[in-house]
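What follows is the residue order along each chain.
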Amino acid sequence: MTAARRVAGKLGALLLTLLLASMLVFFSRFLVPGDPVSFLLRGRKPSAEAVAQVSAQYGLDLPPWQQYLNWLVGVLHGDFGRSLQYRQDVSVVIGERLPITLGLVVMAGTMIAVIGLAAGIVAAVNRGRLMDRAVLIGLTVLGAIPSFVGSIVLIAVFAVQLGWFPSFGSGDGGFVDTLYHLVLPSIALAIVFVVLVSKVTRSSMVDQLGREHVEVATSRGLTRSAVIRRHVLRNSIGPILTVSGVLVAGLLVASAIVEAAFGLSGIGSLLVQSVDRLDFPVVQAIVLLVVTAFVVVNAVIDVLEPWVDPRSAAGAGAR
Amino acid sequence: MTLLDISQLTLDLPDGTRLLDGVSLTVAAGETVGLVGESGSGKSLTARSVLGLLPSGAVTTGSLRLDGLSVLDATAGQVLELRRSRASMIFQDPRAGINPMRTIGDHLTEGLRLCQRMPNGEAQAAALSLLESVGLPRPAEHLRQYPHELSGGMLQRVMIAGALTSSPHLLICDEPTTALDVTTQAGIIAVLAEQRAARGMGMLFITHDLNLAASICDRVVVLSAGRVVEQGDAREVFLHPHAEYTQRLLAATPTLSRPRERVVAAPSDAPATLAPPAVLAPPAADAMLSVRSLSKEYHRRGKEPVAAVVEASFEIPRGGALGVVGESGSGKSTLARMIVGLERADAGDIRIADRERTAARTRAERLAHARSVQMVFQDPYLSLDPRITAGHAIEDALRLHDSRGTADARARVLALLDQVGLGERHAQAQPRTLSGGQRQRVAIARALAIEPDVLVMDEATSALDVSVQAQVLAVVERIRRERGLTVLFISHDLAVVRRVCEQTVVMKTGAIVERGRTEEILDAPQHPYTRLLIDSVPRPEWEGERSATP
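Line by line, the protein sequences are chains A and B. Here the UniProt record's numbering is used: the first residue of the first sequence is 1, the next is one more, and so on. Here the UniProt record's numbering is used: the first residue of the second sequence is 1, the next is one more, and so on.
It is worth saying that the hints were derived from the structure and are not from the lab. Careful, some of the hints might be misleading.
Unchecked claim - Taking lysine to any residue and the SDA-like style, the derived pairs with C-alpha atoms no more than 20 Å apart in a straight line are: (1) B/Lys508 x B/Phe314; (2) B/Lys303 x A/Ala3; (3) B/Lys303 x A/Arg311; (4) A/Lys199 x A/Ser312; (5) B/Lys303 x A/Pro310; (6) B/Lys303 x A/Arg129; (7) B/Lys508 x A/Ser312; (8) B/Lys303 x A/Lys199.
Stated by the list, open to error - Label pairs and their calculated CB-CB ranges: (9) A/Ala249 x B/Gly57: 41 to 49 Å; (10) B/Gly57 x A/Ser312: 32 to 40 Å; (11) A/Gly174 x B/Pro55: 52 to 60 Å; (12) A/Ile145 x B/Arg399: 46 to 54 Å; (13) B/Pro55 x A/Ser265: 53 to 61 Å; (14) B/Pro55 x A/Val183: 55 to 63 Å; (15) A/Met131 x B/Gly30: 40 to 48 Å; (16) B/Thr61 x A/Met131: 51 to 59 Å; (17) B/Ser151 x A/Thr110: 27 to 35 Å; (18) B/Glu122 x A/Ile145: 19 to 27 Å.
Just so we're clear, the structure is a prediction, and the values are computed from it rather than from any experiment. Built from N, CA and C at the ideal position, the CB exists for glycine as well.
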């Protein structure tokens, strides 16, 4: 009952956030230099009639508020308008490229979760010892590599020298071939985030390891692995989840760089290209998509919190 | 039959620090042995070494036998077996010792399920009957609850039940009631005694509270700086202590029934003798601090508002000291926080030196408020910034209120430190290099820096050892004598209040239920709650005899 009300409350807040975000995304177009009409009429001599005609055709003669409402109603029906550069529906343009980016993000996310958690756990369990130092130094070095440099190194070693993986494109469209093509890009994308997740995991676990309840569990005769699993790792999940939620946006944005480096046509590279060409409808749609993904993931993490930490359901007073 | 036999146990850290130095003690089945000492004496470490819970890299010599098993030479498997069936331990703070993210049922059954391979249903049934036997009201419901839904006293009962799941032969209790209220403590001690008797367990009971040790132990072992300084029959040790350390410790321990004795503080740079407080209070008619009908409610979403303080009124004459006693949740800390301006009262007014201080809104008003009243907090480890030297902390307080020059401020800092028995080298020290008592004296010096009219001490000596507490109380007494400082002294410890304050009020669930001269309240309590508080304070049965012996 209270859980249902809480979820409903979160949902309301989520919708409000998305509405505000959509306004920001839409009206930011009026703040940046450049006019979509002149892009549409590029190469032609802009006569007054032509400008008026194109403006009317794209609804650009209406007051901004009206334009926003039109756009919003369209978006709610799945219609993001027409791309100025491709002369196609934005949903089609994005729909073609979304699977690549999603594949990239999902693969990188899996690597981040598995490797990041594993490295963090290994370091925390061996804290203060050689293994901990080695992992920490390794992570610090990796974390200092920007993803475009990482991409180039990966291509040079695994694609050019060893020839194990392809260096360019997303393959023939088959599922396995696509995955195969996405291995190097996913690694390039994951590196920095693996470092973040493992450092949070380590510090969160080290914090728990020093707690008295861990000593109590040890004194009751539980094996070390049971203590780590049931008391240390279990209690460390909260901070790890919170950081992971924040990483989602970074992952989507960083994919633009990696897509460019590996010649993948995903929405990251599409975004860069559309900004460059003042293709406002596409830019708006992609930014809205990223914002939505971010907000939804974080809302889900919020809703999960009482299950992660039962104290949070009781309010701040319970600590 | 000897259950635990520790002989010449030494423990060294890898850096060469010797923490235990030839500790020997025995515990027989069915016997309660008290391990008494101040913080850093090695009592917790001795207890932990029985369960093989040693600091990493520690080097031990000597012997430690439990049920015939030599613990120091035991394999990892034997240590697990020992923890699973021979001995278990109850820790000090149940709030910290029970995983907050798992249910009570999980805490109680995990040992049974994971170590004894008991099926879930059986483990639940065992947990249920244990919860019943430690006196929890609704065992079936508690199994599904999380720790934050239970009070501290209830959680300590859960902790005891958890330690008993393995049916240990030896039960180690590490300050099991230190974090609890005095009335709760009485219940926990009763449960422990009952279980020990029913199961014929041996019990090693660690405490810093000599009165508590005297009231429940058959024998006591007094530990100081990793050495056993005295051991023997509890009554004998308390009535006729041989070791000088034990004598000092006993003298520094305030008790309810010995009001005006001489206090011999432990090795200290503070004056060792306290004059009786009654002499201190100048016969002043004007009230320095006057609180009238002060109320405060806390509102939490979706719950009934909690009345933290209800219509509290009292006055403290200039130079007087008023004790506020009560258990946790009685509203005494909220009262203090309102008086120093950390919380805003819902109703009522606070007058300090005849000026209204209830609501400070502007910066100037807040500064004026702070000038008139300062607070010393409970935990000096938390109330001093770890990155700022002691001298700097005091200087900051000075400069906030005064635009004096650097040299002038430095000189004043030294004078203040001198007043609390510290010197120039302490001014340069980081808080972490100071002892608990030194830190609390720095905190007092900082509170006094701007010469407030009123000093509020909120459980300011509760976290300190008895000998250190005696030092700090001596400092407070001297400053009161020299400067006529007015003190509001909040404490759960009736014996300390007796030593410090002429007047006392007793609070229960936000309301003042009894007030009057401290001695009258403690000797002839009128309100049933005051009587309960006083009766719950542990005291040995032979206590009357000690005041008779010189």
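Consistency of the hints with the structure:
1. B/Lys508 x B/Phe314: Distance ~15 Å between B/Lys508 and B/Phe314 Cα, so the pair holds.
2. B/Lys303 x A/Ala3: holds, 16 Å
3. B/Lys303 x A/Arg311: holds, 16 Å
4. A/Lys199 x A/Ser312: Violated, at about 24 Å.
5. B/Lys303 x A/Pro310: holds, 18 Å
6. B/Lys303 x A/Arg129: violated, 48 Å
7. B/Lys508 x A/Ser312: violated, 29 Å
8. B/Lys303 x A/Lys199: violated, 39 Å
9. A/Ala249 x B/Gly57: 41 to 49 Å: holds, 44 Å
10. B/Gly57 x A/Ser312: 32 to 40 Å: Distance hint for B/Gly57, A/Ser312 holds at roughly 38 Å.
11. A/Gly174 x B/Pro55: 52 to 60 Å: Once the Cβ atoms are compared, 58 Å apart, the range 52 to 60 Å for B/Pro55 and A/Gly174 holds.
12. A/Ile145 x B/Arg399: 46 to 54 Å: holds, 47 Å
13. B/Pro55 x A/Ser265: 53 to 61 Å: holds, 58 Å
14. B/Pro55 x A/Val183: 55 to 63 Å: violated, 46 Å
15. A/Met131 x B/Gly30: 40 to 48 Å: holds, 47 Å
16. B/Thr61 x A/Met131: 51 to 59 Å: violated, 30 Å
17. B/Ser151 x A/Thr110: 27 to 35 Å: violated, 44 Å
18. B/Glu122 x A/Ile145: 19 to 27 Å: violated, 55 Å
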